[in-house]
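Since chain A is already given, all that's left is putting chain B on it; use the hints.
Below are the chains, spelled out letter by letter.
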Amino acid sequence: MGLVADWLRERKEHLDLFDETRTAQQGNPLYLLGPMIYFFWLVTVISGVILMLWYEPTTTGAYDSVRRIQEEIPLGWLVRGVHKYAADGIFLGIILRIYRMYFAGEYKRPGELGWMLFFLGLVLMMISGVTGYLLIWNQRSFWAAKTILTVPVYLDELTAPLSRWLGYNLNFGSMIAYVFLGGSAIGQATITRFYSIHFGISLVLLVLIEFYFYRTRRKRLNMSLFPMALFLAMLVFISHPDVLPAELGRRADPNRTPLPILSDWYFLALYQYVKYTPPLWAGLGPGLLIGIGMLVPFLDRSRSRHPLDRPFFLVLGIWALFLFLAFTTLILWNIAVIEREPPLVLLSTAIVMGLGFLWHLRRRRRQLRAAAVPPAARPTARAPERPAPAPSVLAGQSGEPA
Amino acid sequence: MVERPERLERRGFLRLVTAVPIVAAAAAFLSPLLRLLKPNTRPFEVLYEPTVHDVPVGEVTVAATLDEVARPWDFKYFVFTQRYPQYTPEGLRAANVPAVVIRLPYKIRLPWDWARTIGKTPQLQESDIIVFSRICPHLGCIYNYVPNWQEVTAGYGGYVPPPPRRHALMACPCHLSIYDPADPQQPGRVLSGPAPRPPRTFLYEIRGNQIVVTDVEPGGIA
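From first to last, the protein sequence lines are chains A and B. Taking our numbering, the leading residue of the first sequence gets 1, the next gets one more, and so forth. Taking our numbering, the leading residue of the second sequence gets 403, the next gets one more, and so forth.
Looking at chain A on its own, in the form it has when it is part of the complex:
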């Protein structure tokens, strides 16, 4: 117990959720991502509360009320557009920040907890995105909600052997779906529950974050006025009806699925993946991806934070980014032949990751050889590549052999 508490205490002290300790690096846009997330979050919550003045959470009235907000209510388009694009901004910020933490090795000790919290944040953000999307009650959101909430039903396959052994059906997967749907189909109960979850996630997290800032006494928005004003101007500009207003789509029709049908941009790659796999893996795959992603700090044992010092993880990160973009492109072109593409994806992944692993081994062997040779006898050509603090890091962690 004491060990876990010590581990947690050290990580908690070094938690830096919104880059608020990086006060010296304000000029670097990479370290603007943290305050950007917090800023867009506040904008989303405030605009969301204003939208609640006009929104009607019923199956019959939701679509019309959103249309009225967009088209009739003075400046309704502005509030709705700012709400949508600020939420997209949070998403973009979280994704880019996770990539930054990954390639810059920020998940290494003592950053493990921050890394895991950001993955949790990504999951909550996705839930918030799906639940908020259904509130529009258009075709895209209706079918997105329906497919996503059918995925847990297949988890019943996992408990099926246990069910047979016990003699009655456990059906926990279906139960999860029914609890979210408020019944066995999308209806009024679903929209009420989604409304509550959509608002609740942001509100509860904001309270917890406020508690965090209260305890750490750090600055909330580590950001100067200029980027804040710029972001706000961008939100207003893009929301304008003549530029790229928040989409309304067509009213949800439970009897007709349109062809083709797409999801919001951040789900497109996942959507393409769901076309390729058996439905049980549509749920397990992303779950495992996020679970393994959270465990990366414990899988990557290399000490250096430089990406070239851990080639396997560098290749993995770049490949994941490539697949994300490739899947997004394929779905936009509406291409998915299940007999052709999944073997190609698996084969290329195996080859790329195998090569990455070989590179990793080679690099590691070189590092070991360099560590074995005394510094004076080391060839001079390799000397500049070895960072100077390496010996001190080695000295600090005496528990592990080099």
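Treat the hints loosely; a few may be bogus.
Said to hold, decoys possible - One-sided and incomplete, this derived list gives chain A residues near chain B with beta-carbon spacing under 8 angstroms:
{"id": "1", "residue": "Met126"}
{"id": "2", "residue": "Gly129"}
{"id": "3", "residue": "Thr147"}
{"id": "4", "residue": "Ser174"}
{"id": "5", "residue": "Met175"}
{"id": "6", "residue": "Tyr178"}
{"id": "7", "residue": "Val179"}
{"id": "8", "residue": "Gly182"}
{"id": "9", "residue": "Gly183"}
{"id": "10", "residue": "Leu259"}
Unchecked claim - Where chain B lies over chain A, by a calculated footprint (3+ residues, C-beta under 8 angstroms):
{"id": "11", "region": "114-124"}
{"id": "12", "region": "157-170"}
{"id": "13", "region": "246-257"}
{"id": "14", "region": "333-344"}
Claimed, not checked - So the derived label-pair ranges between C-beta atoms look like this:
{"id": "15", "chain 1": "B", "residue 1": "Leu418", "chain 2": "A", "residue 2": "Leu262", "range": "23 to 31 angstroms"}
{"id": "16", "chain 1": "B", "residue 1": "Arg417", "chain 2": "A", "residue 2": "Pro260", "range": "58 to 66 angstroms"}
{"id": "17", "chain 1": "B", "residue 1": "Glu553", "chain 2": "A", "residue 2": "Leu308", "range": "47 to 55 angstroms"}
Since the hints were derived computationally from the structure, they do not count as laboratory data. For each residue, glycine too, the CB sits at the ideal point set by N, CA and C.
Same frame as chain A, now just chain B:
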């Protein structure tokens, strides 16, 4: 010094003795929360099937007349109404199950083995009329009956059926599952896409000139 580990052991034991009832009490206090989220769970019901109270009940419907699907590959869309419990103060709600009647060019054995599980005996064994639920058995979108297979290739991801299956097919817009309604061994066989099984079928009777639908194969979310 000798007594120290013993004292710690005692402390640990006492902790355990207090922790167990506290955890049990917390679980007891939290357990009604599930009833709050899923009100058709009975109070104090521990061993039960969590979804047993959510089974929808369908209404007998006339799907089509025989004249409407007289020639091979004729089809007709219709809507079957089911009532299911919804967790709102109003309670029960009706949901639509979009469906399709298809006239096949030859007779096949109807896939009605499931009828016995709901206590029904099918009136027919084989027929050239088959009724499918249009809810995709994959993730619940509504798939389409596509009379021309070339439209399937063009619009549903690029699948090209082998020559014996170049006839009307069924295809889902969401994840591009493609079904063959006329497969003699397994009507609705999955030809391509992620669907784990053929679409669910309806039990029907021929009453005079009418195709009357009585039940839908259980399972899946409406």
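Hint check results:
1. Met126: 17 angstroms, violated
2. Gly129: Where the cut-off is 8 angstroms and the nearest Cβ of chain B is about 18 angstroms from Gly129 of chain A, the hint is violated.
3. Thr147: Constraint on Thr147 of chain A satisfied, holds at 4 angstroms.
4. Ser174: With a closest approach of 5 angstroms, the Ser174 of chain A hint holds.
5. Met175: Because about 4 angstroms separates Met175 of chain A from the closest Cβ in chain B, which is inside the 8 angstroms limit, the hint holds.
6. Tyr178: 6 angstroms, holds
7. Val179: 5 angstroms, holds
8. Gly182: 4 angstroms, holds
9. Gly183: Where the cut-off is 8 angstroms and the nearest Cβ of chain B is about 4 angstroms from Gly183 of chain A, the hint holds.
10. Leu259: 4 angstroms, holds
11. 114-124: Coverage by chain B is violated here, the residue count being 0 at a Cβ distance below 8 angstroms.
12. 157-170: holds (count 3)
13. 246-257: With 4 residues in contact (Cβ-Cβ under 8 angstroms with chain B), the coverage given for the region 246-257 of chain A holds.
14. 333-344: holds (count 6)
15. B:Leu418 - A:Leu262: 23 to 31 angstroms: The hinted range 23 to 31 angstroms is violated for Leu418 of chain B and Leu262 of chain A, with Cβ atoms some 55 angstroms apart.
16. B:Arg417 - A:Pro260: 58 to 66 angstroms: 60 angstroms, holds
17. B:Glu553 - A:Leu308: 47 to 55 angstroms: 51 angstroms, holds
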